[in-house]
Amino acid sequence: MCVSLEKNKVLTFVHEIPETKKAIPMKLILQLKLNPVRQTVRYKARLMAQCFRQVDGLDFTDTFVPVASPSRVCVVLSVAAAKGFAVHQMNVVTAFLGSELHEEVYVSLPVGVFGRERLACRNRSLYGLKQSPRCWYTTIDNFLITKIGFRRGRFDCCVYTHDN
Amino acid sequence: MLIAGVLGEVKLVCDKLKSKFEMADLGTVSHFLGMVVSMETNGHMISLTQEGYIDRALERFGMASCKPVGTPMEKDKTGMKGGRDKPCDRTLYLQLIQSLGWIATGTRPNIAFTVSYLGRFNTDPNNRHWLCAKRVIRYLAGTKKLRLSLGG
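Chains Y and A supply the protein sequences, listed in that same order. Going left to right, the first sequence walks through residues 41 to 204 as this note's numbering numbers them. Going left to right, the second sequence walks through residues 539 to 690 as this note's numbering numbers them.
Rather than coming from a laboratory, the hints here were simulated on the basis of the structure. Among the hints, erroneous ones may be present.
Claimed, not checked - Using C-beta positions, here's what the derived DEER-type ranges look like: (1) Y:Lys-61 <-> A:Leu-669: 50 to 58 Å; (2) A:Gln-633 <-> Y:Arg-93: 23 to 31 Å; (3) Y:Ala-122 <-> A:Arg-598: 17 to 25 Å.
Said to hold, decoys possible - Only some residues are given here: those of chain A computed to face chain Y with a beta carbon under 10 Å: (4) Arg-594; (5) Arg-598; (6) Met-601.
To be verified - Straight-line alpha carbon distances no greater than 27 Å define the calculated DSS-like cross-link-like pairs of lysine-lysine that follow: (7) Y:Lys-47 <-> A:Lys-556; (8) Y:Lys-49 <-> A:Lys-556; (9) A:Lys-554 <-> Y:Lys-187; (10) Y:Lys-73 <-> Y:Lys-49.
Predicted, not measured: the structure shown is a model, and the values here were computed from it. Heads up, the beta-carbon is just placed ideally off N, CA and C, and yes, glycines get one too.
Pulled out of the complex, with its shape left as it was, chain A reads as follows (with noise of 0.2 Å):
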């Protein structure tokens, strides 16, 4: 759990919990559901990365060493819907995709457009939406060092 405040007031509501629950203090944040927390300029500005887990996600699905690209989608790549080609793996895109979804909604909101729209194929993906949502976790390689700035 995280307590944010004035610090005096923080150590007071930690005290309280202490003398309830046992509790583990493990100081000011740094790392919470996956995410590094760095905390810069005095505090006035925190930022967030998910590096460990896209290598993680790189290494599961077999992209580990991937050519990295710029864009997390190919220009007018809407067009989807239509078309036929072979059905892939739709576990394996599934859990992609899913993998995917928790880093847009965690530190990479810039990703977060591609995610849902290849999300809308979840019934029944193909080819051409695998290799789609490959496209985006070779995105992410390139581009895993990225943070979330908040504040500043």
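Extracted from the complex, chain Y is given alone in its bound form (with noise of 0.2 Å):
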């Protein structure tokens, strides 16, 4: 199975799934990394889940997340020219893997990964699924209120102050 799945302890297997489930089925994405110049530096493999097979109500409810605009970004970089800060960039490696998942979701591997098994996610949302940005938008917004002490912006709310 994928390293980064391992790593997250995302997926368990499972015998039996409740009547009222269905397992959504997985698929192996392949794809060119490519850095910012087009070349490509990565042969990346991803199992994500088949969103199209979920069921509204059932497998998810909501799925809207405010998603950084480009003029957002362009207002923050302008108060950092204007006061002279240090603008750092970071990312959050497999996201979707760390972050919680509330609903319960059954998930079945490609045909030829491993045979017919079922798995469960184990409160760790998929890369595919409907509600996984909305996940990890939870996430990332709880941790930096409630961990470091930021304020989501009353404009955006993908913008953070800290006082400090």
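With the hints as a guide, bring both chains together as one complex.
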């Protein structure tokens, strides 16, 4: 199985799933990872859930999530430039695999990978689920506010400020 | 994600994030959302370009070897509402307008008017609108090196 899935302990094998639920099939997505100047730096494989097989109300409820817009990025950078701030960039590795999932979700591996086993998500979201971006936002929002003491921007939910 | 602040405090926040999530530290920002971000005069001026994106857009719409023009729109072109012309490929038109919109909101506010004006014909674009939209990208072809400077 995928290394990142194993490391984050996302999935666990189950013998049977509740009758009301259906396992969502997964698919292995292969992709070329490009660097900013469009050169191939990596061959990437990611096991994704097929979100179009999810049923509203059963496998997911809310899927909306705020996204940073380029104009907000400009605003933040302008402030940074005016005040002479250092601007640091970070990326969360496999963000979705580390975010909390509240729904009970079952998936099945693609045929040929392992056979027809059924797996359950252990409160961790997966790439390809409809609610995953929202799960990630809730997780990082919660962490920034309660653990570091940021305040969510009133004008944009993706801009956080800190008093110090 | 971007973190802006006094150097020591940025480090503090980074460390806290690293303790909870597995993070890739990319250092001082250089590329964000496909924009090239460069710091000048000791961080008191930040400039943004989308040169790569413009290049790709030119290629995608078959305009890689087009003749650049000096303005995004012809004078007195705003009366395009009425009149008839043969319809153009709407899907392609929408794709072009969306690409231009992304460039306008990111680094090139100077084409924002033209793009939003052309967007009014999204439901039923004809050849004249298509030519006008191509003119915007020809303008970008000639001025793709322009940068949006913040601060300074």
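Of the hints stated earlier, which fail here?
-> 3, 5, 6
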